[in-house]
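**Q** These protein sequence lines are chains U and G, in that order. Position 160 of the first sequence, counted from 1, bears residue number 160 in the working numbering, the numbering being contiguous throughout. Position 66 of the second sequence, counted from 1, bears residue number 66 in the working numbering, the numbering being contiguous throughout.
Just so you know, the hints here were simulated from the structure itself, not pulled from any lab data. Each statement offered as a hint is correct.
Below 30 Å or equal to it, Euclidean Cα-Cα: the simulated DSSO-like pairs (lysine-lysine) are:
hint : chain 1 : residue 1 : chain 2 : residue 2
1    : U       : K46       : G       : K157
2    : U       : K159      : U       : K208
3    : G       : K12       : U       : K208
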Amino acid sequence: MTAYQVHLFDAAAGAMVEADLHDEIAEKQLIDWQFQWRPAVQAYMKRLVDNGIGPADTAWPQSWHWDWRGKMNEVRGLLGHTGYSVVCRDVTQGMMRLDLASRRARLDSQAGQDLVYVDYLEVAPWNWREPYADAPIYRLVGPVLMHAAITRSVDEGFKGRVGLHSLPQAIPFYERCGFTNLGTRPDEYEGKLPYFESTPGAAEAYLKGELK
Amino acid sequence: MTYGISAEWSKKMLAFDEHVTPGAGALATRPHVDPDAVSLRVEETRLVFGHFINVARRQRRLTIEKLADDADIEVGELLSIEQDPHYEPDLRTVWGLSNALDLPQPKLMELAGLAVPKEGHWLEEVTRYAARSAPIKDVTPDEQAFHDAVVAALTMKAT
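So here's chain G without its partners, still in its complex pose:
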């Protein structure tokens, strides 16, 4: 049989080669990143960010107006951060919140999905905390633990 391949066969095959790259055998291994996990990550951390800002504000007994004022941001922006997981805050807003809440700005940027995490899995850990804490009117011990865990992770020095 011939090993040559016609242009016609190749055209038919174009549909075939659309989504993945073939590879076989251990020697061919390449890094495998799950595309779904990649796209989920920012949304997940942003959800935690909004929840955390809400808890941090209430833990400090601040109204939305007061925190917005302290952070020099619009009230509507703070509401969006706390209530809309798809809302993408801008850098200046996160910077203002980090000042008003006295939290390290670089890691708050990571939590807000605005910067790429440099090390460790602290985001996954605080995501798990967020999943366990339920948002009710007053800060519960669980929320306090979530809040403290995020603060601890935010203030931890890189190793």
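Isolated chain U (complex conformation):
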């Protein structure tokens, strides 16, 4: 495992703080997911229910986020794949799994070419911005992971081409990353997750920190 130095923003301190980007998802991440992320998500869900927000008001099929046993098995499956994780103060703050082989680009300008596909990217629940959630503890976890995905694409010779299916509430994030929104397809994620793709130009701008 290699660790790279990155920086997050510690909201309480109002200052940048050093963190590590690991080029793997290891047992430690799964333990953090199970014993720290999961209870925090459950506490958040309880807060939603206390505020009169039930599953019917949330945009997800129940099985996707209430079935912890199934989700735990899927998270265990992250081990051994190409992945990255962000660790700050010894706690996992975000993780991402990449598929380097099986997906091809869809944008007309680069259709059929190799790309890095982000098949999973998640930020620790205490860093979420959601209605009823407390303010995030650390910011920049997501941008750091996207930086890693694009850098990996360049390293693989894919020129920064990255594809992913965004959560609905995350759409503005990928748009500002300079990714192109190709919309949803009924045969993918029940038509709920739009597909986004970056071009080499958009990737280069992102690595330079140029915002859209």
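Starting from the known structure of chain U, arrange chain G on it as the hints suggest.
**A** Frame of chain U, contents of chain G only:
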């Protein structure tokens, strides 16, 4: 290429991470609550509350003065409830109205936007009724239906 990230890049990116949390793939799904829907809800139900109090009063052939007197509240407060959807009634007022109109207090609190609904979508249903009933001088059959629907929802036991 290096995977390390400079503090300068991170500072530029701070503006970026301002409003939403990234996430990709079905495994990352989290509950998604529309923030607009959340903030609308109280105003919507309060609008229905004011309309309902107006209809309930007229259905009982009470003047504003008489109902205010029965509920032991100020006339101006009752006027504000009936006519100003942004007016936030206080708990004592709603309690007084629930006594005067003989309606269950907890659910009237929910309709007034003072308590979080515990179950069901009865508020949405009565909001739809409110949208269909037009406030005119006498209680129309539609208003009567709205009134009866709210009373039915208010008096229904939780399942």
